[in-house]
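Peer 1: Here the protein sequences line up with chains G and W, keeping their order.
Per this note's numbering, the first sequence runs over residues 1 to 293.
Per this note's numbering, the second sequence runs over residues 1 to 293.
Worth double-checking, as some hints may not be accurate.
To be verified - Derived pair list, reagent style SDA-like, types lysine to any residue, alpha-carbon separation capped at 20 angstroms:
#1 G:38 <-> G:134
#2 G:282 <-> W:128
#3 G:161 <-> W:132
#4 W:161 <-> G:215
#5 G:20 <-> G:112
#6 W:264 <-> G:256
#7 G:282 <-> W:220
#8 G:257 <-> W:256
#9 W:283 <-> G:234
#10 G:282 <-> W:223
#11 W:290 <-> W:280
#12 W:282 <-> G:234
#13 G:290 <-> W:203
Unchecked claim - A few chain W positions that, by computed beta-carbon distances, are all more than 10 angstroms from chain G:
#14 44
#15 86
#16 124
Since the hints were derived computationally from the structure, they do not count as laboratory data.
Treat the numbers as computed from the prediction; the structure is a model and nothing was measured.
Glycine included, each C-beta is placed from N, C-alpha and C at the ideal position.
Protein chains: 2
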Amino acid sequence: MKIAIYGLGLMGASLALALKKNGVPSEVTGIVRSASSKKEGMSLGIADNILLEEEFLDKDIWNNFELIIFSLPVNLTCDKIRLVPSSYQGFLTDMGSTKMEIIKTVEEKYPSTHHYYSSHPMAGSEHSGLIHAKADLYEKRLCILTPPKFVSDVSTEYITKLWHSINMHTIVIDASSHDNILSYLSHTPHILSSLLVNWAAENSVIQKHTEASSVPLTGGGFRDMSRIAGSNPDMWDAIIQTNKEYILNSLLDYRGKLDQLVTKLQENSDPSFWKDYFIYSKKSRDYILKVDN
Amino acid sequence: MKIAIYGLGLMGASLALALKKNGVPSEVTGIVRSASSKKEGMSLGIADNILLEEEFLDKDIWNNFELIIFSLPVNLTCDKIRLVPSSYQGFLTDMGSTKMEIIKTVEEKYPSTHHYYSSHPMAGSEHSGLIHAKADLYEKRLCILTPPKFVSDVSTEYITKLWHSINMHTIVIDASSHDNILSYLSHTPHILSSLLVNWAAENSVIQKHTEASSVPLTGGGFRDMSRIAGSNPDMWDAIIQTNKEYILNSLLDYRGKLDQLVTKLQENSDPSFWKDYFIYSKKSRDYILKVDN
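Pulled out of the complex, with its shape left as it was, chain G reads as follows (with noise of 0.2 angstroms):
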């Protein structure tokens, strides 16, 4: 099957490579906006072909696809979403880390019978580009499939094989629900990391020590947290920018619920409170992480 991947960042050639890796039949065709992209991704071999943007626009091949994956930020996205000419004919889908403007997008634009089912595979690095595309980077995590209305049923099961193909686990969520929970999951915890770090870089003794010592002040814990702090800027803006009031209301329970605790601070009055919490903390990790003790 010819499949074009439009964008070759981390995420996008990933999964080129995981693709091929994992012995689908296919011809990949990446879609990339810069000379220098186009040649990095021929010389490490990401794609059987890559195009230009502007290559792939002015001949109007949408056609030689049978499916188009859009690997871009979520903005963009929707911009490409809405070029896409009404005469193709192929499957659709991205890799949009918000669901709502996407969704809404894909909606306005097919009033009836469609083949764009979107998805999130939810994998990522701190790293962001195609030099640093990894074929085990989707491997055994999930993909989150959002359905758009009037989508049919064979585009539905055809994006479902595709991830199931490179080894995805796969569930189907609704577009407000996804992003609720991505706000939770992933886009409130990125903002929290990218606080951690410049709280303490602002801090003067912590400058001061820095500056004073041959290697890092921090522990492995807060190298940790702050893995992901400032990844890919434009990427994570499209995702803010597009998922505003659910960050905002996850970002005000954080806050609420950390109020509790300064309160338990000043109080002092409750001598178990903190071993409790981190008990019940290790428990709440567990949940999430699914890890049976």
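Following the hints, complete the assembly by docking chain W onto the known chain G.
Peer 2: For chain W alone, kept in the frame of chain G given last:
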């Protein structure tokens, strides 16, 4: 040299293994509280000898050891410091995560020259217990050294060499600065990580879909940010109890900066704010972690 490691949890047991791995000529005795730890430690070959605490104390054999290292939660470390007989001639240190209480206890005990030099090897794990001990836990990490009043030159030199012998970097930081720095780089992040998992696990939409999914709904970012949540509740309880003021101070600072982000989301008036914020976060992380780009 004959060394006693008082407490064979993850930290103490890893130190015992690191001394062997690095060929430091030493005979290491572990001191443990329970018969089951003694049995487990012996069968895993953690130390040359393992004594029950009661055996060690009943026989009053402190002077059998050239060096005694307390590897216990901070509150218990302070208890043991008070127990050291005045006849003990050897060197003393600890591996405590907060310093003001320990230094205060040492300074109350010793009104003149003594051989207690406090240490904080900055390494750890989400696991606890000697079964998770690793010989390379401390490899190339930082050990913060904190001098009490009246500490002898010979002991500062001896203890510093000890950490160098297992390939650690060292830096000297006074107790108050240590506890301030660690509140930012370890203690408060630990609370924030614990809060993160509880906040997510208490959300009913997350609960519904977590229960419906065969695999976790989280990506790698959440997993990393929550890794330390719930690790060793006793150790972390003792850390909070002995560093409440700096932790409260840093938590209030974090909350203040969080409030600014909430306001930015609510106002929604600066379209470039988030992209700039994420770019800034990357710089902050690189600064704290001493990453060259």
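Peer 1: Do the alpha carbons of residue 282 (chain W) and residue 234 (chain G) lie within 20 angstroms of each other, as the hint requires?
Peer 2: Distance ~13 angstroms between residue 282 (chain W) and residue 234 (chain G) Cα, so the pair holds.
Peer 1: With the threshold set at 20 angstroms, check whether the alpha-carbon distance from residue 20 (chain G) to residue 112 (chain G) stays at or below it.
Peer 2: Answer violated: residue 20 (chain G) to residue 112 (chain G) is near 34 angstroms, above 20 angstroms.
Peer 1: Decide if the proposed pair is consistent with the structure: residue 161 (chain G) and residue 132 (chain W), CA atoms, cutoff 20 angstroms inclusive.
Peer 2: Violated: residue 161 (chain G) and residue 132 (chain W) sit about 40 angstroms apart, past 20 angstroms.
Peer 1: Taking 20 angstroms as the top limit, are the C-alpha atoms of residue 257 (chain G) and residue 256 (chain W) close enough?
Peer 2: holds, 14 angstroms
Peer 1: Within a Cα-Cα threshold of 20 angstroms, do residue 282 (chain G) and residue 220 (chain W) meet the stated pairing?
Peer 2: With Cα atoms ~18 angstroms apart, residue 282 (chain G) and residue 220 (chain W) stay inside 20 angstroms; holds.
Peer 1: Given the hint that residue 282 (chain G) pairs with residue 223 (chain W), does the C-alpha gap stay at or below 20 angstroms?
Peer 2: This hinted pair holds, its Cα atoms lying about 13 angstroms apart.
Peer 1: Measure nothing beyond the straight line between the CA atoms of residue 282 (chain G) and residue 128 (chain W); if it is 20 angstroms or shorter, mark the hint as holding.
Peer 2: Status holds; Cα separation ~13 angstroms.
Peer 1: Regarding the pair residue 161 (chain W) and residue 215 (chain G), is the alpha-carbon distance no greater than 20 angstroms?
Peer 2: Holds. Residue 161 (chain W) to residue 215 (chain G) sits at ~18 angstroms (cutoff 20 angstroms).
Peer 1: For the pair we were handed, residue 290 (chain W) and residue 280 (chain W), check the Cα-Cα distance against 20 angstroms.
Peer 2: Distance ~15 angstroms between residue 290 (chain W) and residue 280 (chain W) Cα, so the pair holds.
Peer 1: Given the hint that residue 264 (chain W) pairs with residue 256 (chain G), does the C-alpha gap stay at or below 20 angstroms?
Peer 2: holds, 17 angstroms
Peer 1: Would the pair residue 290 (chain G) and residue 203 (chain W) pass a check requiring their Cα atoms to be no farther apart than 20 angstroms?
Peer 2: Distance of about 16 angstroms is within 20 angstroms: holds.
Peer 1: The output says residue 124 (chain W) does not contact chain G. Does that hold with a beta carbon cutoff of 10 angstroms?
Peer 2: violated, 6 angstroms
When held up to the earlier numbered hints, the structure conflicts with 3, 5 and 16 and fits the remainder.
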